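All residue numbers for the sequence shown refer to numbering that gives the first Met the number 0, where the first residue is 0 and numbers rise by one.
By construction, these hints were calculated from the structure, which means they are not laboratory data.
Every value quoted in this text rests on a predicted model; they were computed, and no experiment measured them.
A hint or two may mislead.
DSSO-like, lysine-lysine: derived pairs with alpha carbons at most 30 Å apart [to be verified]:
{"#": "1", "residue 1": "LYS266", "residue 2": "LYS342"}
{"#": "2", "residue 1": "LYS100", "residue 2": "LYS265"}
{"#": "3", "residue 1": "LYS470", "residue 2": "LYS265"}
{"#": "4", "residue 1": "LYS342", "residue 2": "LYS18"}
{"#": "5", "residue 1": "LYS7", "residue 2": "LYS470"}
{"#": "6", "residue 1": "LYS470", "residue 2": "LYS18"}
{"#": "7", "residue 1": "LYS18", "residue 2": "LYS100"}
{"#": "8", "residue 1": "LYS342", "residue 2": "LYS470"}
{"#": "9", "residue 1": "LYS254", "residue 2": "LYS266"}
{"#": "10", "residue 1": "LYS260", "residue 2": "LYS470"}
{"#": "11", "residue 1": "LYS7", "residue 2": "LYS254"}
{"#": "12", "residue 1": "LYS254", "residue 2": "LYS265"}
{"#": "13", "residue 1": "LYS7", "residue 2": "LYS18"}
{"#": "14", "residue 1": "LYS7", "residue 2": "LYS266"}
{"#": "15", "residue 1": "LYS266", "residue 2": "LYS470"}
{"#": "16", "residue 1": "LYS100", "residue 2": "LYS342"}
{"#": "17", "residue 1": "LYS266", "residue 2": "LYS100"}
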Amino acid sequence: MATKKDTKDELLLLIRQGKPMTTAQQLRLVLQLSTPAILAQLTTTMMQYIDASMVGSQGASASASIGLIETTTWMMGSVCHCAAAGFYVQVAHLLGANDDKNARSVLRQALASVIGFGCIMGMIGIIISPWLPIWLGGNPDINATSSAYFAIFSLGIPIFQTSMLGSGMLRSSGNMIIPSLMSVVMMTLDVIFNFFLIFPSRTVEFLGMDLYIPGAGLSVVGAAIGTISAECVVACLLMYFLCFRSRDLRLTIDKGSFKPKWNYIKKALHIGGPMGIQQMMMSSAYIATTIIVAPLGTFAIAAHSFGIVVESLCYMPGYGIADAATTLVGQSMGAGRRDLTRKFAYMTVGLGMCVMAFMGAVMYAGSPFVLSMMTPVEEVRQLGVMALRIEAFAEPMFAAAIVCYGVFVGASDTLIPSGMNLFSMWAVRIPLSAVLAVNLGLKGVWIAMCTELCFRGFIFLCRLRWGNWMKAISPKTAS
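All chains should be modelled from the sequences, with the hints used to inform the complete structure.
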């Protein structure tokens, strides 16, 4: 029976040692890992809100400049995340099997391989930045600003890659607290840097006095510089906690080589390869959606961008729970505990659907208030509210797709789920968006998104219930 003495580390140890766990203990562990992860994702969302609001105050063109290349930045970030996942999933399996030494060996290989990969991705981004807004069909009045933003973003990709790796490795070891705290630090620093970089110098009244506030007045470019500066601090802190303070993974415990070895890279490619291809194709689909939206005008682009940022308040908790699902399923798999793996999968998916259903209701009711804080442009607000109220109905099934995918990643089952994601996007969302946008404009695009997310959640639930996603687990002990 679960008691207050059941700490997170003690419960994780039950998995690794093959000891039985009650349903109450399983639920307690799910909540202990999910809660910090959810808070971390919500903090990230708040940072996006603040960024969007600060840039939105500069006008619709400034918002559209970022909105135009936003999906491309997602693609670059997602591919970097997959590169890190290929290694941190291995670490979760090894820790579940009580093989801490090899887990640290994988970490060393990851530091060399993944950060190098991030440098390559950054170079690619810088090279394509002058032409990217043109390829996406942007208006001439925003293309130059979009290009500059993307170039600065690309310069920071190695930093983002390092941060993703550090956060993922800590989560795989069961440490959700440090990544969550780093999200708060990231948000705080981002707000501070943006405050001085986006806006020009100005005088404001404070307690009856005129207070001079210096500022660079860099607008969109300032937002990019501020985000990278904050991420740099966070990446350094994450690496410190991972390499020098982690109970299981700190590199001071023993010595090892950082030279990449084929067996680790091969496993990383097996896990992260399908994920990376999927993310590139999925992000290409998001870019295709941007191309469909772009001809609808600057207001539509800005509203679409704001709508995506606001919706992330709903689905980011789902990604937090998915992170916990990957850790729990990964360690249960490493311990060879098939029954426990399935129980954790069902618990996390159910929790995700409940949380995102609630958040969807909040989004439906609160979207007018949130949009009013993000932009002063009435046309943009009206379009954004319309889009969000359509999307609210898809949130529970979107949660099913998100958390199920996290479960499958933890089980090293990435090929078929990646294909399912691609089929849903390219066979349902994109064709439907193209057709409905002709007569319904932005409303048609978001109707297509809602329909596709419901379909995607359904097929993922089917695979969770009847699919052979646990095929890689070799039972060692009973649950």
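For each hint, the structure was consulted:
no.: 1; hint: LYS266 to LYS342; verdict: holds, 26 Å
no.: 2; hint: LYS100 to LYS265; verdict: holds, 19 Å
no.: 3; hint: LYS470 to LYS265; verdict: holds, 19 Å
no.: 4; hint: LYS342 to LYS18; verdict: holds, 15 Å
no.: 5; hint: LYS7 to LYS470; verdict: holds, 27 Å
no.: 6; hint: LYS470 to LYS18; verdict: holds, 22 Å
no.: 7; hint: LYS18 to LYS100; verdict: holds, 22 Å
no.: 8; hint: LYS342 to LYS470; verdict: holds, 16 Å
no.: 9; hint: LYS254 to LYS266; verdict: holds, 22 Å
no.: 10; hint: LYS260 to LYS470; verdict: holds, 26 Å
no.: 11; hint: LYS7 to LYS254; verdict: holds, 28 Å
no.: 12; hint: LYS254 to LYS265; verdict: holds, 23 Å
no.: 13; hint: LYS7 to LYS18; verdict: holds, 15 Å
no.: 14; hint: LYS7 to LYS266; verdict: holds, 28 Å
no.: 15; hint: LYS266 to LYS470; verdict: holds, 16 Å
no.: 16; hint: LYS100 to LYS342; verdict: holds, 28 Å
no.: 17; hint: LYS266 to LYS100; verdict: holds, 17 Å
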